[in-house]
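Dock chains B, C, D, E and F against chain A, hints included.
Chains as they are written, first to last, in my numbering: chain A, 80 to 225; chain B, 80 to 225; chain C, 80 to 225; chain D, 80 to 225; chain E, 80 to 225; chain F, 80 to 225.
Just to be clear, a hint being listed does not mean it is correct.
A pair holds if it fits inside one copy or across any two, identical chains being indistinguishable in the list.
[What the hints assert, rightly or not] With a straight-line Cα cutoff of 25 Å, these simulated BS3-like cross-link-like pairs (lysine-lysine) come out: (1) Lys164 to Lys123; (2) Lys164 to Lys199; (3) Lys221 to Lys199; (4) Lys155 to Lys123; (5) Lys155 to Lys221; (6) Lys199 to Lys155.
Calculated from the structure, these hints are not laboratory results. What you are looking at is a predicted structure, and each value in this text was computed from that prediction instead of being measured.
If you want the building blocks of each chain, they are given just below.
There are 6 protein chains.
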Amino acid sequence: MPDRYFEEFEPGQRWVTRGRTVTEADIVNFSGLSSDFHPLHVDKAYAAQSRFGQRIAQGFLVMSMATGMVPADPEKCEALYGVDKLRFLRPVFIGDTIHLEMEVTGMRERNDGSGIVDFKFEVINQDNQAVLVNSYSLLMRKRSTQ
Amino acid sequence: MPDRYFEEFEPGQRWVTRGRTVTEADIVNFSGLSSDFHPLHVDKAYAAQSRFGQRIAQGFLVMSMATGMVPADPEKCEALYGVDKLRFLRPVFIGDTIHLEMEVTGMRERNDGSGIVDFKFEVINQDNQAVLVNSYSLLMRKRSTQ
Amino acid sequence: MPDRYFEEFEPGQRWVTRGRTVTEADIVNFSGLSSDFHPLHVDKAYAAQSRFGQRIAQGFLVMSMATGMVPADPEKCEALYGVDKLRFLRPVFIGDTIHLEMEVTGMRERNDGSGIVDFKFEVINQDNQAVLVNSYSLLMRKRSTQ
Amino acid sequence: MPDRYFEEFEPGQRWVTRGRTVTEADIVNFSGLSSDFHPLHVDKAYAAQSRFGQRIAQGFLVMSMATGMVPADPEKCEALYGVDKLRFLRPVFIGDTIHLEMEVTGMRERNDGSGIVDFKFEVINQDNQAVLVNSYSLLMRKRSTQ
Amino acid sequence: MPDRYFEEFEPGQRWVTRGRTVTEADIVNFSGLSSDFHPLHVDKAYAAQSRFGQRIAQGFLVMSMATGMVPADPEKCEALYGVDKLRFLRPVFIGDTIHLEMEVTGMRERNDGSGIVDFKFEVINQDNQAVLVNSYSLLMRKRSTQ
Amino acid sequence: MPDRYFEEFEPGQRWVTRGRTVTEADIVNFSGLSSDFHPLHVDKAYAAQSRFGQRIAQGFLVMSMATGMVPADPEKCEALYGVDKLRFLRPVFIGDTIHLEMEVTGMRERNDGSGIVDFKFEVINQDNQAVLVNSYSLLMRKRSTQ
Numbered sequence: 080m081p082d083r084y085f086e087e088f089e090p091g092q093r094w095v096t097r098g099r100t101v102t103e104a105d106i107v108n109f110s111g112l113s114s115d116f117h118p119l120h121v122d123k124a125y126a127a128q129s130r131f132g133q134r135i136a137q138g139f140l141v142m143s144m145a146t147g148m149v150p151a152d153p154e155k156c157e158a159l160y161g162v163d164k165l166r167f168l169r170p171v172f173i174g175d176t177i178h179l180e181m182e183v184t185g186m187r188e189r190n191d192g193s194g195i196v197d198f199k200f201e202v203i204n205q206d207n208q209a210v211l212v213n214s215y216s217l218l219m220r221k222r223s224t225q
Numbered sequence: 080m081p082d083r084y085f086e087e088f089e090p091g092q093r094w095v096t097r098g099r100t101v102t103e104a105d106i107v108n109f110s111g112l113s114s115d116f117h118p119l120h121v122d123k124a125y126a127a128q129s130r131f132g133q134r135i136a137q138g139f140l141v142m143s144m145a146t147g148m149v150p151a152d153p154e155k156c157e158a159l160y161g162v163d164k165l166r167f168l169r170p171v172f173i174g175d176t177i178h179l180e181m182e183v184t185g186m187r188e189r190n191d192g193s194g195i196v197d198f199k200f201e202v203i204n205q206d207n208q209a210v211l212v213n214s215y216s217l218l219m220r221k222r223s224t225q
Numbered sequence: 080m081p082d083r084y085f086e087e088f089e090p091g092q093r094w095v096t097r098g099r100t101v102t103e104a105d106i107v108n109f110s111g112l113s114s115d116f117h118p119l120h121v122d123k124a125y126a127a128q129s130r131f132g133q134r135i136a137q138g139f140l141v142m143s144m145a146t147g148m149v150p151a152d153p154e155k156c157e158a159l160y161g162v163d164k165l166r167f168l169r170p171v172f173i174g175d176t177i178h179l180e181m182e183v184t185g186m187r188e189r190n191d192g193s194g195i196v197d198f199k200f201e202v203i204n205q206d207n208q209a210v211l212v213n214s215y216s217l218l219m220r221k222r223s224t225q
Numbered sequence: 080m081p082d083r084y085f086e087e088f089e090p091g092q093r094w095v096t097r098g099r100t101v102t103e104a105d106i107v108n109f110s111g112l113s114s115d116f117h118p119l120h121v122d123k124a125y126a127a128q129s130r131f132g133q134r135i136a137q138g139f140l141v142m143s144m145a146t147g148m149v150p151a152d153p154e155k156c157e158a159l160y161g162v163d164k165l166r167f168l169r170p171v172f173i174g175d176t177i178h179l180e181m182e183v184t185g186m187r188e189r190n191d192g193s194g195i196v197d198f199k200f201e202v203i204n205q206d207n208q209a210v211l212v213n214s215y216s217l218l219m220r221k222r223s224t225q
Numbered sequence: 080m081p082d083r084y085f086e087e088f089e090p091g092q093r094w095v096t097r098g099r100t101v102t103e104a105d106i107v108n109f110s111g112l113s114s115d116f117h118p119l120h121v122d123k124a125y126a127a128q129s130r131f132g133q134r135i136a137q138g139f140l141v142m143s144m145a146t147g148m149v150p151a152d153p154e155k156c157e158a159l160y161g162v163d164k165l166r167f168l169r170p171v172f173i174g175d176t177i178h179l180e181m182e183v184t185g186m187r188e189r190n191d192g193s194g195i196v197d198f199k200f201e202v203i204n205q206d207n208q209a210v211l212v213n214s215y216s217l218l219m220r221k222r223s224t225q
Numbered sequence: 080m081p082d083r084y085f086e087e088f089e090p091g092q093r094w095v096t097r098g099r100t101v102t103e104a105d106i107v108n109f110s111g112l113s114s115d116f117h118p119l120h121v122d123k124a125y126a127a128q129s130r131f132g133q134r135i136a137q138g139f140l141v142m143s144m145a146t147g148m149v150p151a152d153p154e155k156c157e158a159l160y161g162v163d164k165l166r167f168l169r170p171v172f173i174g175d176t177i178h179l180e181m182e183v184t185g186m187r188e189r190n191d192g193s194g195i196v197d198f199k200f201e202v203i204n205q206d207n208q209a210v211l212v213n214s215y216s217l218l219m220r221k222r223s224t225q
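Bound conformation, chain A alone:
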């Protein structure tokens, strides 16, 4: 689990989380939260006519669920530094089950008792297909400065 101090990370470390099913209720609740009522998400009849053939989850619903799967010990992880190259590769349908796979791709020390760790961040569905990828960067505390 990426639940450690900066010095304890190494490129190539990988973690796989438990899964969560994306339900119709999640899409409905996310529409309300984000005010995104695009018919691909909330209109069954419209979505049936689209190239997807059915309603799909909002991209940021999937991303938000995945960020909640990142273990984050507040003693070690100071902040989400940033997200790069976020791409939505495949639709997520109602009833799909997703999980998160993370791999350390780089580490950058800073002068302030912290360091940035970059992760390949992949959300994977029940058919083992990546639905969303990005480069996810966390600001981690150093053990030496605790």
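Relative to chain A, chains B, C, D, E and F alone:
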């Protein structure tokens, strides 16, 4: 409003949306939706001791609210292509009011009747400070292929 | 309580319900449910500049909360027949506490084992002011046809 | 779209909105918001024995969703004036997709820089049947007084 | 209904409430409220491999829904005194319909104008099986001290 | 963390969780989920006149939040066996921050590859006062039978 066909975009076009206040209820609901119960978001006592001095909104709550502010005519906008260089510049506190400012920064034609439009995407608070920025890319339909 | 058979109603009968406070969370949740994100309801800064000076509850949030206060024994009440002359008299602010007062104003027999009872339907705030009124008509079963 | 100043309305103008599917999650969330837990809405076994044969949406859930579909430019629309002759014509079942059709039926000038516009307000399901109708009146600003 | 003063209770009195269907949306909403995202509740793929073969409701979702079914006149019922021997006998699946059956099992007078009434508290599903039982104790006011 | 096999537990082991603030939004959402709209929870004016002087959280909201704080590795924890002697010692007000303290009080082996571990389960507020206690029993897998 960025609610047009690909050919109608030009670099430098700008839009400013209406605002929305980020409430305690939004943070609570987003915690439940994302399973992100980090104490900076849900523990008033912990957050009071942090460098922020109070609870802050989740970064992806702010980003999700902002994506809901993007006007998206389903006839013209095909999909969210991707997000790059997403950075969280300032905390968003309970009661802050945010809005979205978008500016066209580039356009890339594709061979399939669509094109990608890149936007500078800035979420601004009530004190006119950017709290979150990124480069936001939408896949837009061409009018000529309708 | 208006929880009786058609024959048991008489003009002038009155009921007063318990109260419920309209919270910021209710407004947030109702925005999500109704997709009504008008800035008077969700933008604190905008609402501060309006003639109300602060955010107000959506009219149909107040009406929806009030309909939930109507006692409705499924054995006796068949359906909500209709609502007439619905007027929004005063704003409902965050933290206001509302209750419902109902008075029978008329009864119309039908040929099908049921009858319509009309009520003066008033939502009252903590300062004893009516915030919303209408004429509310329920389709009630007759005892004689049970 | 009824998103204009008072002087710009004319009897006979019509608008048709996009659709939205009424989900089980919407009914569950509306029960919680309104405290309306009538078994026709929340008890599958009870509803199966009713004349509807299944659970139905609350009438004010449908009405609330529809009001959220009314475009309302805060610069032009001052308030919801009132609703008359609200009737619930057909049940809305889980999975039905509804949209709103509005037609201007009348206009009444006022002396205060505003005017009332009356609309025939019809909620239509995926089989093109009206499920709910009313006369909906908005208080609109006049352009001349801006 | 257990909606009476202390002196009006007698061992053996029984009440049966109306039912409520436990939906996927209820489980999703309860996960968010409780932060209980155990895969038996939120991961369809995981639950399919478990001894239950499908997702199950959280035990305290069922218990919470049932406590909401207890009629509680604030004039007569002072507080929930306690719960003993709470056991979860059978899983509750998405779509199950539960109701509550209560029977007075004992009464204990106190010196302060109140008394404790103990109930056998059983949550029953649509197949008439108990899914949850406990001994539920309410602190009731005495009529004589009103 | 009580996140281990049956054989690894010993009486006296203790765990303390992170905290969570009980917000007005949590109470509102729990009312909707449980259908418990008792005026002590949802009517500010009523609650101001009660012996508590303000609204209080539902007992099972507090209990539900606390059960979500129990670490539960699905590989090791088979089920919640039961809860005994659940008592609500002090009110939880809006804005209170609670956490969970658990201590192993006993272990009972079973013949089926599992065992029951009993915990003293205490919910503690920001003033270090217990607001809710019970004896909480989990069905844990044995390592030897994996």
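Consistency of the hints with the structure:
Within a single copy, Lys164 and Lys123 get their C-alpha atoms no closer than 30 Å, and across copies no closer than 30 Å, so neither meets the 25 Å cut-off. Taking identical chains as interchangeable, the C-alpha atoms of Lys164 and Lys199 lie at most 25 Å apart whether they share a chain (10 Å) or sit on different chains (15 Å). Within a single copy, Lys221 and Lys199 get their C-alpha atoms as close as 21 Å, which meets the 25 Å cut-off; across copies the closest is 33 Å, which misses it. With identical chains, the CA atoms of Lys155 and Lys123 are at most 25 Å apart between copies only, with a shortest distance of 19 Å across copies and 44 Å within one.
For the identical chains of this complex, Lys155 and Lys221 are intra-copy neighbours only, at 8 Å inside a copy versus 32 Å across copies, given an alpha-carbon limit of 25 Å. Taking the shortest Cα distances, Lys199 and Lys155 sit within 25 Å of each other inside one copy (19 Å), while across copies they are farther apart (30 Å).
The structure fails to meet hint 1 from the earlier list, while all remaining hints are met.
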